[in-house]
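Novice: Sequence:
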Amino acid sequence: MGDIKPVVLDEEEIVSLLTTLTEEEISLAGSRALVPIKKPVFFEGVPASARVKDLDGKEYIDFTSQAWTLSVGFCHPDVCFAAIEQIKHLTHIRNHFFTVPRVKLINKLVEIAPGDLEKVVLNTQGGSVAIEAALKLAMINKPRAHLFVTAWGGYHGNTLATFAATHYMRELVRFTSFGLDRFVKIPYPYCYRCPFNLEYPDCSLECLEFSKKMLDKGVGAPLIGILIEPILGSGGDVPPPPEYLKELRKFCDEARLLLIFDESQTAFGRVGRMFASELFDVVPDIMALTKAIGGGFPVGATLARKKLKSFSPAEQHSTFSANPVAFAAALLNIHVIQKLNLPRRAEEMGKYVRKRLEELQEKYEVIGDIRGPGLFIGVELVKDRKTKEPANKVTELLQQEALQRGLILGLREPDITLKGDIIRNLVHVKPPLVITQEEVDRGIEIFEESLKAALSQAG
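Position 73 of the sequence shown, counting from 1, maps to 73 under this note's numbering, and the rest follow consecutively.
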């Protein structure tokens, strides 16, 4: 197929349909949407950058990569070209058939994956499906076991099973009981807020020792494996101590448990390596991927070690799980990440971003902690650095003020304590890996301006 020309509607009608909106349309859609949608109406990404424009032409610097997906920036020309080229050939095929992008993407993932992760199942729905595939695959390989282990603060998706695997949040309580009996929760090594009130490295990884004893003595059914984010993402951008995951791998081997990494947020260069598995030199048995794999297109993948038993056709399939356009975009996205050596760029630019944030920390007592490798950075705001009481209101106002000034910030998922206290005091700083120093500097300027305004309003 050559150039695509419409045959039912004319070109002007289609362009108008896709590029114009009235306030009435926006208001109606807002009232009809089952999930809240907020202004501004984003319209156009600046290609291969960290900038996006709204419908009025106002430009924003994005410190979130739109849920940490756009590692190569908005509308990267190579990724868009791949999608358009594929559209000329084939836009949909059911799950049972190969396509050129599917074949090449499977092989590319095995080529770059750590260790012997040599089996792949793809999807074009995203991370929740990738995690559910990982759970099902683990159940297939441990048929006599019943329980999974997940971590406090972990976030693994928004299906019923992945809600149950996720840390308890107020908004999700009504759902988590569905399948909750399949999950045991252990503490994550959150050193800034150690649940044992100890300090690393003198703690001797008490969080892990406690977890091992608990799983050995306090669980009433056989365990399948441990599902964990190698760096806690939505729960606070928390990197574990360097040796934690190696010790966890050792424990899984000794206890004959499968180790499953949820690398939805950490993979494809963000942490300064292609995968967080490489950063910590630990190979899981199963690894789930999404977000940055697709360059903005919905793609997920589940990888497994070659020794594991595979799915039967009935165990892992859906109508829209093999979209060739999304796979073509993902394939070119990975090639761009490799060609530009974006893992190294994330490592170098991450050092610069942290330096700029640490300069602010010296000026503002409210900045309690700055953490994370590469461009996987969390900024935790507190009312008092000694008590570490969360500065929830300041954090919320900071996000609002920043958006008005042209900076997009993301906040951690809200946590809730037994007392009913809500903790949502962390700002994610996870821009596209192609962000320029100029964009960083302007973003930090807006961050500081917005923080001043937030502190003034919070009183």
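Misleading hints may appear alongside valid ones.
Claimed, not checked - Computed cross-link-like contacts, DMTMM-like style, restricted to lysine to aspartate or glutamate with a CA-CA straight-line distance of at most 20 Å: (1) K339 to E278; (2) K5 to E23; (3) K351 to D216; (4) K53 to E85; (5) K142 to E23.
What the hints assert, rightly or not - What follows is a set of in silico ranges between Cβ atoms, one per label pair, in the way DEER data are often shown: (6) L28 to S204: 57 to 65 Å; (7) Y364 to T19: 36 to 44 Å; (8) I87 to R256: 43 to 51 Å; (9) L21 to A221: 50 to 58 Å; (10) L28 to V8: 24 to 32 Å.
These are calculated hints, taken from the structure and not from any lab test.
Each residue gets a CB set at the ideal place from its N, CA and C atoms; glycine is no exception.
Novice: Decide, hint by hint, whether the structure agrees.
Specialist: Checked hints:
{"no.": "1", "hint": "K339 to E278", "result": "holds, 19 Å"}
{"no.": "2", "hint": "K5 to E23", "result": "violated, 30 Å"}
{"no.": "3", "hint": "K351 to D216", "result": "violated, 40 Å"}
{"no.": "4", "hint": "K53 to E85", "result": "violated, 25 Å"}
{"no.": "5", "hint": "K142 to E23", "result": "violated, 55 Å"}
{"no.": "6", "hint": "L28 to S204: 57 to 65 Å", "result": "holds, 59 Å"}
{"no.": "7", "hint": "Y364 to T19: 36 to 44 Å", "result": "holds, 41 Å"}
{"no.": "8", "hint": "I87 to R256: 43 to 51 Å", "result": "holds, 47 Å"}
{"no.": "9", "hint": "L21 to A221: 50 to 58 Å", "result": "holds, 53 Å"}
{"no.": "10", "hint": "L28 to V8: 24 to 32 Å", "result": "holds, 25 Å"}
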